[in-house]
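Novice: Sequence:
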Amino acid sequence: MPDPRTPKTPRTPLRRRAPLVAVLLLGGCAVAPLPPLQRDAPPAWQHAGRPVAPAPDLHGWWKTFGDAELDRLVDAALADNLGIAQAGLRIEAARLLDAHANDASLPQFGFRTYAEPTPDSSASYFQAGFDAKWEFGLFGRAQSRARTSAGDLGIAESEAQAARVSVVAEVVRAYVELRGAERRAELLEQIAAQAQRKRELLATREGLRLAAAREVAHARAEEASARAALAEPRSAIVRARRQLAALLARDDEDVVAAGAPLVLGDSAAVVDVLPADLLRTRPEIRRAEYEVEKAAGELGIAEADLYPHVGLGGALTYAARVIGHTRLSDADGIVTFGPAIEIPLFDWGARRAARDARAKALQASVLAYRQAVLDGVAEAEAAMSALHERTRASRSLRDGAAALADEARSTATLQRLGLADGVEATVSESAALQAQLELLQAEQERSLAFIALYKALGGAPLPPGGAG
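full-length UniProt numbering puts the first residue of the sequence shown at 1, with every later residue one more than the last.
Just so you know, these hints were derived from the structure itself, not from any lab.
Only true hints are included.
Here are the computed distance ranges between Cβ atoms for each label pair:
#1 Gly333 to Gln86: 49 to 57 Å
#2 Ser235 to Ala357: 48 to 56 Å
#3 Arg242 to Pro36: 42 to 50 Å
#4 Glu186 to Leu210: 29 to 37 Å
#5 Arg95 to Glu232: 43 to 51 Å
#6 Leu89 to Asp254: 22 to 30 Å
Note that the coordinates shown come from a computational prediction; the quantities given were computed from them, not determined experimentally.
Ideal Cβ placement from N, Cα and C applies to all residues, glycine included.
All chains, please: the whole structure from these sequences, using the hints.
Specialist: As structure tokens, this is what we get:
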């Protein structure tokens, strides 16, 4: 019986160390926070229009044109475009991987076999068994894996939204160019017809010795130039139709029904999206934000690799000795179970260099995010300014075209009254048609500036069930 006066072996040091060990383990499990991002977008646009009408809906801005055929083409492109379909499949792939991002931190089971001859080659050993391993994912390893996977998924979703923005903008652009080219062809045909009539009238005058030969030659050159100008809109029509077919994943040009040129209303120059909203609506900025999240996760994994891999391991193994070709000795089995610890000791600084490289990559992604914000604001401001300038130009040309149209009507009236000849009427009508052609070009440029603005703002339908 032990002497009650004999002091027991003190156990307080171990008990005192236990909380310290627990704190170290729990501290090692924490993952570093995401770095702060500069989200200081300007409070307002410098080139925003005055609110003369409700602004177009960011997720349906093309409906401002009020063209049912355009609405149909956009819906068809969103449903059938191959680029959007590819982006959707990439999202599905990223979601599959994200759902299993931390499977490495769950128990793993496997089966293996192994055979090796004895040194004298008189027999061999055959082993078969089950292995089990469970790595705990300490030191932030599990959280960093999840963060990296979430970043990949966010990047895929941002790229899919960018594809929708681009496809919608390209469909509307091609449609605007198609309708504009069709109208240009009509006007140029009328101008060519007026040039032909002028040439015929001057030829008649020449026969009566009322006009010089040089006037007829000049009229003939004008007619030839007018007919040559028809080549540009005709080729533009084919190009726009082919582009629309490609955007709709079709191989034929018969994807567009007949229609009239598009006309923008006064609300086109009004924007109710603030610069700060670009952080939410512009896919390029969202993608840059997810790149930061992914880079932070990769840094966390590299940081965790500096510390031990801790887990549990076990195995159930059976072994038998093979003598000759067919005879087996008695099989013996063994069960093993215990902690599994892998401690990095020396690798010439490779893991630390990998950690430092990931830290630099994270810093670069933070700067890339800031650049994406600046680029987005600059692109939107430039498009907004271009839209306002095109709007002013269209108003001026509209006034000029109206004045020349009035003059052409007055000249035609004078001709009917016998107070003006046919040459004067053709010259006046040609000038009015030329003014309409210039106005049409200005309106098309205004529409293209409107498209560029809403592409810069990230305007497009949201994915089904998605949020901006």
